[in-house]
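With the hints as your guide, set chain B onto chain A.
Protein chains: 2
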Amino acid sequence: MDEIIHGGNVDSIAQKYGYKIEEILDFSANINPNPLPEEIKDVILKNIYRISHYPDREYISLRTALATYTGCPIESIRVGNGATELIYLAIKALNPKKALLPVPSFSEYERALLTNGVQVEYFPLREEDDFKLNITDFLERLKKGYDFTILCNPNNPTGQILEKDELMQILDYASSQNTYVLLDETFIEFTEEVEKISLIREISKYDNLIILRAFTKYFGIPGLRLGYCLSNPILLKKLDLYQEPWSVNTIAVCVGEFLLGYKGYKEASKKWTKTERDFLYKALQEINGLKVYPTWANFFLIKLENTKITLTELQKMLEERKILIRNASSFKLLNETFFRIAIKDRTSNLSLIKELKRLLND
Amino acid sequence: MDEIIHGGNVDSIAQKYGYKIEEILDFSANINPNPLPEEIKDVILKNIYRISHYPDREYISLRTALATYTGCPIESIRVGNGATELIYLAIKALNPKKALLPVPSFSEYERALLTNGVQVEYFPLREEDDFKLNITDFLERLKKGYDFTILCNPNNPTGQILEKDELMQILDYASSQNTYVLLDETFIEFTEEVEKISLIREISKYDNLIILRAFTKYFGIPGLRLGYCLSNPILLKKLDLYQEPWSVNTIAVCVGEFLLGYKGYKEASKKWTKTERDFLYKALQEINGLKVYPTWANFFLIKLENTKITLTELQKMLEERKILIRNASSFKLLNETFFRIAIKDRTSNLSLIKELKRLLND
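Which chain is which? The protein sequence lines are A and B, in order. If you're matching positions, the first sequence starts at 566 in this note's numbering and goes up one per residue. If you're matching positions, the second sequence starts at 566 in this note's numbering and goes up one per residue.
Keep in mind that a hint or two might mislead.
Here are the simulated SDA-like pairs of lysine to any residue, each with C-alpha atoms no more than 20 angstroms apart in a straight line [claimed, not checked]:
| no. | chain 1 | residue 1 | chain 2 | residue 2 |
| --- | --- | --- | --- | --- |
| 1 | A | K611 | B | Y584 |
| 2 | B | K611 | A | N699 |
| 3 | A | K873 | A | T902 |
| 4 | B | K708 | B | N681 |
| 5 | B | K585 | A | I613 |
| 6 | A | K887 | A | R923 |
| 7 | B | K662 | A | Y807 |
| 8 | B | K611 | A | L601 |
| 9 | B | K606 | A | E604 |
| 10 | B | K802 | A | T680 |
| 11 | A | K868 | A | L879 |
| 12 | A | K585 | B | E822 |
| 13 | A | K611 | B | K606 |
| 14 | B | K611 | A | A579 |
| 15 | A | K611 | B | D607 |
| 16 | A | K606 | B | Y584 |
| 17 | B | K611 | A | E604 |
| 18 | B | K611 | A | L610 |
| 19 | B | K611 | A | L869 |
| 20 | A | K729 | A | N699 |
| 21 | A | K663 | A | L804 |
| 22 | A | K662 | B | N681 |
| 23 | B | K611 | A | R923 |
Bear in mind the hints are in silico, worked out from the structure with no lab data behind them.
Just chain A, with the same shape it has in the complex (with noise of 0.2 angstroms):
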């Protein structure tokens, strides 16, 4: 429909060459591999006669299973149709004038910004840094009068994490100027130690700070369409005055209050996370021509160098096999030796490090 690219595009691959969507490994996508629950379709048959209703307008029980599972008050928590809803809601109801934008990261910060009339500019996150935003040139940026940006926490597609301190750090300073800061979380659950990264317990502390969260990822369900954010009640007026009715549809609202109470799949992926980030690691650095860059994410930001494959028959004979990986050149200031890859389940992690290997190491 328009020009942004994105990872997760099943259905065109499917098309294209002919397979059935259940079988391609969707490297592209950075969804958890974690398999869904199978009493999801218990709750969907159970709730299905809700499909002929309305959703709550107030989505009150699905933000009162989210207040459980953030620790935050009912009050300070929103949903929509994805976490991508309330990007461009936010960006909407708070109105700025003027974006200060670090890159690269997700591409739909700037579409939303400059659909709704925002002029936008890029802090330029350095490939020798590893990607990792430095916070003193940041600070300095900012002076220069911005009232909004947008800062996605770990960063994708690069795997880069701000801690707690820095984020405050840059928090307090975006306060004084004025400046509305967009947070997005929603890979954060990803990380070792949410706690020490997420600033979901301080939203009463700032009024310039808009959490974002989601289903997507974390959850596995993209196709289902479910985000939230968190921020504190007087902003989210702001938000309400904006956002489209219903715009969560209820079978969403049904398995996202299933999967907030599930402690199963929590814990699994945790586990899951953990031991396939460090498995791949260490195999991808046993590839020649890669250079793999650090991450606290579900995904790996790489680069082809020293070889004379190109990324472009690289991703091409990959989808031969049934295998999509994400071409990151889309991503402002990455070129076309950059590509991301999902972590995945263990035997679709081998699947790849083995095609890898046969294309990059023979």
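Below, chain B alone, put in the same frame as chain A:
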């Protein structure tokens, strides 16, 4: 979340009275009561693996099914998170300055215009005309310079229609005045002869027409959030520039495709609508204190007249019997004597009539 009142708030009523949602007779939302086919469960279970993938951003398969259903080419069709998303999107994308809005009509039109900074003026539909839009007056008024108008056909909450030749007269004139027309046909499949009323076969003739449709009302799935619009491809490309990605969830896609091909549903709905509309119209006439307006849709606008009971009292007494009606006083021009009821199945309709008789005839 905001001040606009809608029907269908079963969750809040269930909570207020301690009812189960399933036991509420909801006449407040205009949903087709024709039962959804049991096969929907199988459709969802068969496609449940798709919730782990992003939806196809271009929604090719759903738009193809809609092309077959509507007889319009796929390039002329876009889908949305309910018709609501498409109302907001059209206004944002076309960015009008000044809109003329016939009232009373669906209240989200006004909210969508106002939140997008559009100046709104009202064109009153007259009670003495049974709220039918007077074409001559409307065209005269359009001369005053409006770049946007929204027509709802049949109109919610009045049930009135404009026929095809009347609409084309408006569209031709609107075109000469550079006025975009958003034509909301979300209730049109409840009318007896859709072909006499709908403009979907005429979209290629106009460069100022967007037609809204939805699964919400006719296919009775408000909980899934699924709408679509039809227009010429050039106009739709303007919308594409602003539409948020993945706004329709995968379960809605699968169920929507299934329902479009499910012939039994359409036939049963057609039969039901005519039979129950005629039945309910007659039965309502026999109740004291009600003025019932003629309708072409699946709902009646009703006015309390010559009775001591107030609408608030009536509404409360019905709620205590687990029956919801729609207080229509939140619609512009309508006061605290107007309410709207959906046409439901015979058993439910009989229950409503029985209660109304008890409260008003005794």
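Hint by hint, here is what the structure shows:
no.: 1; hint: K611(A) with Y584(B); verdict: 18 angstroms, holds
no.: 2; hint: K611(B) with N699(A); verdict: 48 angstroms, violated
no.: 3; hint: K873(A) with T902(A); verdict: 11 angstroms, holds
no.: 4; hint: K708(B) with N681(B); verdict: 23 angstroms, violated
no.: 5; hint: K585(B) with I613(A); verdict: 15 angstroms, holds
no.: 6; hint: K887(A) with R923(A); verdict: 15 angstroms, holds
no.: 7; hint: K662(B) with Y807(A); verdict: 18 angstroms, holds
no.: 8; hint: K611(B) with L601(A); verdict: 15 angstroms, holds
no.: 9; hint: K606(B) with E604(A); verdict: 15 angstroms, holds
no.: 10; hint: K802(B) with T680(A); verdict: 14 angstroms, holds
no.: 11; hint: K868(A) with L879(A); verdict: 12 angstroms, holds
no.: 12; hint: K585(A) with E822(B); verdict: 18 angstroms, holds
no.: 13; hint: K611(A) with K606(B); verdict: 10 angstroms, holds
no.: 14; hint: K611(B) with A579(A); verdict: 18 angstroms, holds
no.: 15; hint: K611(A) with D607(B); verdict: 13 angstroms, holds
no.: 16; hint: K606(A) with Y584(B); verdict: 26 angstroms, violated
no.: 17; hint: K611(B) with E604(A); verdict: 15 angstroms, holds
no.: 18; hint: K611(B) with L610(A); verdict: 12 angstroms, holds
no.: 19; hint: K611(B) with L869(A); verdict: 40 angstroms, violated
no.: 20; hint: K729(A) with N699(A); verdict: 14 angstroms, holds
no.: 21; hint: K663(A) with L804(A); verdict: 19 angstroms, holds
no.: 22; hint: K662(A) with N681(B); verdict: 16 angstroms, holds
no.: 23; hint: K611(B) with R923(A); verdict: 36 angstroms, violated
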